[in-house]
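There are 8 protein chains.
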Amino acid sequence: MELGFANVDLERLGRQGAPEAIFGEGKTAGQIVSIARALADAGQSPVLVTRISPDKAEALRTAFGAAFDYFADGRIGRVGAAPAPDGAGAIAVVTAGTSDIPVAREAIVTAEALGNRVTPIFDVGVAGLHRLLGHLDDLRAASVVIAIAGMEGALASVVGGLVACPVVAVPTSVGYGASFGGVTALLSMLNSCAAGVSVVNIDNGFGAGYLASMINQRETK
Amino acid sequence: MELGFANVDLERLGRQGAPEAIFGEGKTAGQIVSIARALADAGQSPVLVTRISPDKAEALRTAFGAAFDYFADGRIGRVGAAPAPDGAGAIAVVTAGTSDIPVAREAIVTAEALGNRVTPIFDVGVAGLHRLLGHLDDLRAASVVIAIAGMEGALASVVGGLVACPVVAVPTSVGYGASFGGVTALLSMLNSCAAGVSVVNIDNGFGAGYLASMINQRETK
Amino acid sequence: MELGFANVDLERLGRQGAPEAIFGEGKTAGQIVSIARALADAGQSPVLVTRISPDKAEALRTAFGAAFDYFADGRIGRVGAAPAPDGAGAIAVVTAGTSDIPVAREAIVTAEALGNRVTPIFDVGVAGLHRLLGHLDDLRAASVVIAIAGMEGALASVVGGLVACPVVAVPTSVGYGASFGGVTALLSMLNSCAAGVSVVNIDNGFGAGYLASMINQRETK
Amino acid sequence: MELGFANVDLERLGRQGAPEAIFGEGKTAGQIVSIARALADAGQSPVLVTRISPDKAEALRTAFGAAFDYFADGRIGRVGAAPAPDGAGAIAVVTAGTSDIPVAREAIVTAEALGNRVTPIFDVGVAGLHRLLGHLDDLRAASVVIAIAGMEGALASVVGGLVACPVVAVPTSVGYGASFGGVTALLSMLNSCAAGVSVVNIDNGFGAGYLASMINQRETK
Amino acid sequence: MELGFANVDLERLGRQGAPEAIFGEGKTAGQIVSIARALADAGQSPVLVTRISPDKAEALRTAFGAAFDYFADGRIGRVGAAPAPDGAGAIAVVTAGTSDIPVAREAIVTAEALGNRVTPIFDVGVAGLHRLLGHLDDLRAASVVIAIAGMEGALASVVGGLVACPVVAVPTSVGYGASFGGVTALLSMLNSCAAGVSVVNIDNGFGAGYLASMINQRETK
Amino acid sequence: MELGFANVDLERLGRQGAPEAIFGEGKTAGQIVSIARALADAGQSPVLVTRISPDKAEALRTAFGAAFDYFADGRIGRVGAAPAPDGAGAIAVVTAGTSDIPVAREAIVTAEALGNRVTPIFDVGVAGLHRLLGHLDDLRAASVVIAIAGMEGALASVVGGLVACPVVAVPTSVGYGASFGGVTALLSMLNSCAAGVSVVNIDNGFGAGYLASMINQRETK
Amino acid sequence: MELGFANVDLERLGRQGAPEAIFGEGKTAGQIVSIARALADAGQSPVLVTRISPDKAEALRTAFGAAFDYFADGRIGRVGAAPAPDGAGAIAVVTAGTSDIPVAREAIVTAEALGNRVTPIFDVGVAGLHRLLGHLDDLRAASVVIAIAGMEGALASVVGGLVACPVVAVPTSVGYGASFGGVTALLSMLNSCAAGVSVVNIDNGFGAGYLASMINQRETK
Amino acid sequence: MELGFANVDLERLGRQGAPEAIFGEGKTAGQIVSIARALADAGQSPVLVTRISPDKAEALRTAFGAAFDYFADGRIGRVGAAPAPDGAGAIAVVTAGTSDIPVAREAIVTAEALGNRVTPIFDVGVAGLHRLLGHLDDLRAASVVIAIAGMEGALASVVGGLVACPVVAVPTSVGYGASFGGVTALLSMLNSCAAGVSVVNIDNGFGAGYLASMINQRETK
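Protein chains in written order, with our numbering: chain A, 111 to 331; chain B, 111 to 331; chain C, 111 to 331; chain D, 111 to 331; chain E, 111 to 331; chain F, 111 to 331; chain G, 111 to 331; chain H, 111 to 331.
Only chain A is shown next, with the shape it has when bound in the complex (with noise of 0.2 Å):
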């Protein structure tokens, strides 16, 4: 569907089993809200919109009511009710710190609206082994873990250790110094000596969501 300035994909739903996301930054609210609207009335749904601010949060809302729900710590929002989590297997979001929390919000909150049921596990870096290990039954029951973690990234190499199913790894901007906004926790998760360990973009939470929720409802078929 032709906005002027989107094209609007109107049968991803059909075709890839998921609707089209919004990415919020670098659009207008009006722009948000026309595409949402486009989406929604053709019966995408539930649509989600990332990387939104408070004031296009409120700006959604006006529009959609209480049929829009908006997740601040994630800056995520979903316009339509998250269907229940059918019977495929967990997906468990593991964050070495608390300030990871923000871009596992928006993994839970992807991953929860195509429909699965989510582990979070929360503030359990490496330097502290036992509190990861203190999650090690939730870790095994998984069918995909979501590992998320800034400054060296070792989480994911870790992880990838533990457990026998894949791995998904997301570097944070979490740190500081020679961080590099993130850059350092995402190298070092591409050259995690742990197999079944990928990596998407940096606070990529969104993209993360969506990966898990495929390999996870692989399973039912």
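Hint data in this document are derived by calculation from the structure and do not stem from the laboratory.
Glycine is no exception: its CB is placed at the ideal position from the N, C-alpha and C atoms.
Don't take each hint at face value.
[Claimed, not checked] Some chain G residues near chain H, calculated using beta-carbon distances under 8 Å:
#, residue
1, 115
2, 116
3, 117
4, 123
5, 136
6, 137
7, 144
8, 168
9, 172
10, 296
11, 313
12, 314
Keeping the supplied structure of chain A fixed, place chains B, C, D, E, F, G and H upon it in accordance with the hints.
Using the frame of chain A, we list chains B, C, D, E, F, G and H on its own:
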């Protein structure tokens, strides 16, 4: 099992569903043979040995005879036969160019050693879309796609937009000048505008094959 | 013409076929108005002023009244009317996403000020190939294409493979994380596997429009 | 045409006005000969083969005899005769130094194979402006200029300011220390303060010659 | 002289021929005033204070009254009068564009405070060579040239080829996209093909003025 | 202790000899107070809170009253009194400039909270060696030296050659242009030609103070 | 002692407690022998010679006979016997993989030459935590740990969280692709979330062994 | 003089006071001999040839006999005798280590060919300050200092603080790991906290010698 220079993990097959593979670079032929022997003796088979030169391969053939296969273009060897593919879906292995085939070989040998059916699709880079679109049926039939490309690495994004399954992107060091040994393809793939794409290290065919197998095998559980 | 802080080139229109444009960043409103006045007075018209904020634009409107047009989304202004397009071919301006439109605007305003017909094609990124392929006729009818994309910048390669005319690629700073403010798209475009693609600086819509005009005008000589 | 390791495009001459060229790096002599044979047999001629060592060139000479020409300093070969130049304007190929001539050779052989007249101007770097200014007539007579330079790459900007036609800038890996294998020249050219300059990959003489031909041929339509 | 937060060098004028200058960034207004007072009281005059905002300048004016001069475009101040220029040759300060003038101001104020005659030549970037060549007499009359440019920084090479005296090159952060805050100009200047060119840090007008003074003063000994 | 958003380690003092410190960046004031309370209640005292703004400090003062001390220049706070220094040797904290003092403060507050005697030596950068050599006795009396510098970071090498004890080098983000926010100082320190020098992250005063304490305390065992 | 090409420091043992070591790279065999002889003659023994090829080692054996020992895997030699370990604690030298052993060897030979007891623990990378945890007693008994790893370098953080003593982290150039010759491991270690970790240059086993000795010897004063 | 592959500047001695030098890298022995002959025949003597291998040097000796001198450690040759030093001051050439001598040699041969007196001071790196301070008289007697160092490049800052004359800093590629082929030394020198320091390209001994001569000769005018 402690060999002095190496700690061989003899229970990995049971614990993670796949035996430890040997990264051949930086190890002597003698070390490689010793580790491979320890794994094979413990029933951790087939044993994959990656990144080995022809003369190291020769040493393995001397040690294991016909039980050893060497795939020269991918510099990868295997001790013990590959299992027959199980009933899971196929893994499509797609390359942008002829020069990416060595990395594809590493991925294919790995995936087959882990019991997967593989569909190879070579030299279908995006500068001639008709080549890629001609293989659309094979791509859509796969349960996971490995997209391998150097230079600008655009293949991953285009494939990601065409299929509904996970895409494991492998940047290669093919290119010159500002390709920076694969960095450009790596960055390009990390920034893919298609959802469902994740990335492994440059030239890491093994990692892609291993991860794709994890995802593909999941389907049959 | 020596203004103390600037050496204005009053013979450029005669010598190079296009008047000097004013790069607004790092100049005060007063400096911009003085230079624009000097150019307009010397018949070097229309005068383009790039990268100007709304308040600098306001100063220009005060100085030039209705002779000044401001295109807010592209932060570009023009003193004097754009000429009617001459008989040369069209320039297609293609963007991967909605967020790339500001850079496209700079290119379009520039190309039109230099007397070209422009065909805008927005939001046709490669993750949904059908959107791009739906505009194939317009693309093939153009005598030069400007391909504008951030993130992984794959649009340039795909377009380059579809058309037989020169493609001017403009990387944009749209993206996040490992897009590094446009560097990934820049590198991707420089490594394009399609022949006939060349690249200008990140977000340099002006440069692309100017060069495309040079190429397009050539046809009519 | 599917060769197993390569998908040869046998309709490119008709579709895009120029046959597919063979990038020789990373291909075996046997693969190159097979692809060249397939192209020549299909009338896609002359066939250019870039980045080939003398011994790969030898294999081509064995296969094609006198129909094959090899230009050792540019490591480029051609199967089939170059056409006589058509009536279009000339392409000026300018280098900053003697060491840039190999890249210039690749551009010249490419442009001539595509039917263009070429004016070579070598060793006219900006540290001795009189050398460049002495060729001003040739530069201004060209319909497109290819500016080739390593080190600080300033040649592109200076030439861009002297001519009214498009300048295709080619950074070369000539230099040492902080030239970083051509990166400095590449960045310098991307930031050119002269309008009308665009850039191709480091050492990409072929790409520059191909693009310059596209622009030059346009004039005669 | 030990101030607790600073070790002020009160004998520098005698030992090195020029008093210590105060780098204002990262120091409070109070600290700056204290250090300037200590220097002035010890006869180390005039005192230069670089990189200070208008409000820090205000604090200095309050403290020193008419003895303090502030040059707002260069964010540099001076406590105490500049000496009359001695008999040494002139320092030419050349900029590529209008936006480079703030850095030039820092260099000029510094050089004049150290007793030099300065010839400013602004906005003579290489994309319009006639502007630079029009000042050839002034350039050749100088005993040292400071060449200041952002973007591709080609000015240093071109000037270096035109004069027989040392050229101090100052890259500036003027530019956008792949200028990387001055890195491109810096690299370009370091790779200058002209002999006699050396480089100081990005935007370091002070360092250039100081060094040029050292070179210029030498002539009169 | 599981707080939902954080896993607080309440046995760290016993296990590692020092309580967990709170990295304040990216945590809300409420989260910081909760974690600090949990630690203090468990006798893990004093509690250090690094990288906190004045208003987060205010929240801590409200919560803990006089038990909380805030050191504004180092943006670090401490809940609970610092112990009297034990009998171990002194830690010398040396800075190149006045602008490095904030990082030094973080190191000093940390080291004192862990029971060490600290000798501060500020503004003794290598461009005026006499300033550093004037403190040689204090440097040689220390059992470990923390060397803090931005810009070219040469202080670490020079100090490393003067003392016989370990030197912990801390690069700071002080500088401009090609200092790249501390990267130059970091690289310089990693390449120190003096043996006995190791490096922590840019601006990581806490890490340096903690490590220096570990080394210093060792002496008294 | 002035040798023309070198200034040998013959009082370093007295002044800093350890003789000067010879960095063999970039020196001829003759220069190395001369310097070693000067040191040995002055009683500065044992003399360590790092980074020497087998043929330079041969020259040293010819010169010093049985007094020279060469450790080929670490490319390090020693003239004169290593002292018996004194009573100080042990230094644990831990590597992530087999390929890191050469760097470990340099550290071990250095530490032993300086009179330390060393506990080597090889091939215990974090992808198989049980391997590392199996050596927990040795790690906790050490007074300082040297953690050596390439690829993602996560070993340093995990070890840092397990022990209460200083950890000297050594990134190695082991890896491929985005390991960038050790840069990824270096950055990862600099960003370690564990306190008490500091870092030396890539592959700098000598520096780590020297620093660890300084820390370990301190304990016995 | 146009040689086809080169434009030789036969009036440079008259125009700039020094003949053109030949950069030998990337030129064949034949090309070098031709250019040198053209220069020598035109009285542009002595002719310097930099960066030439022993066999290219052999070709020059064959061509010019005893008139050619080759300095193997600096890979530099000279056709024609060096003039006797004129009455100007001395140039001190200082290196941090023995491995920096080849770059120093290039600088010394260049400076002497241009008629300067040179004082070489080798292996006085800052990790042993007494070595440098022992040469303070020579340093302070020089009219310009060339400071040559690899690794962390701190020598330039320390020397810059000790002398009152200009310091030309030359970073060298000596080092390993994070020295990045001289980049660390380069950045360090650009950020020097000492005024009066400027920098040339990595390993550019020729450029430093040429510039130092320009500065030194000025004194005698």
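So, going through the hints one by one against the coordinates:
1. 115: holds (5 Å)
2. 116: holds (5 Å)
3. 117: holds (4 Å)
4. 123: Cβ of residue 123 of chain G sits 13 Å from chain H, so the hint is violated.
5. 136: holds (3 Å)
6. 137: With a minimum Cβ separation of about 6 Å from chain H (threshold 8 Å), the hint on residue 137 of chain G holds.
7. 144: violated (10 Å)
8. 168: violated (21 Å)
9. 172: Since the shortest Cβ distance to chain H is 21 Å, the answer is violated.
10. 296: holds (6 Å)
11. 313: holds (6 Å)
12. 314: With Cβ-Cβ at 7 Å, under 8 Å, it holds.
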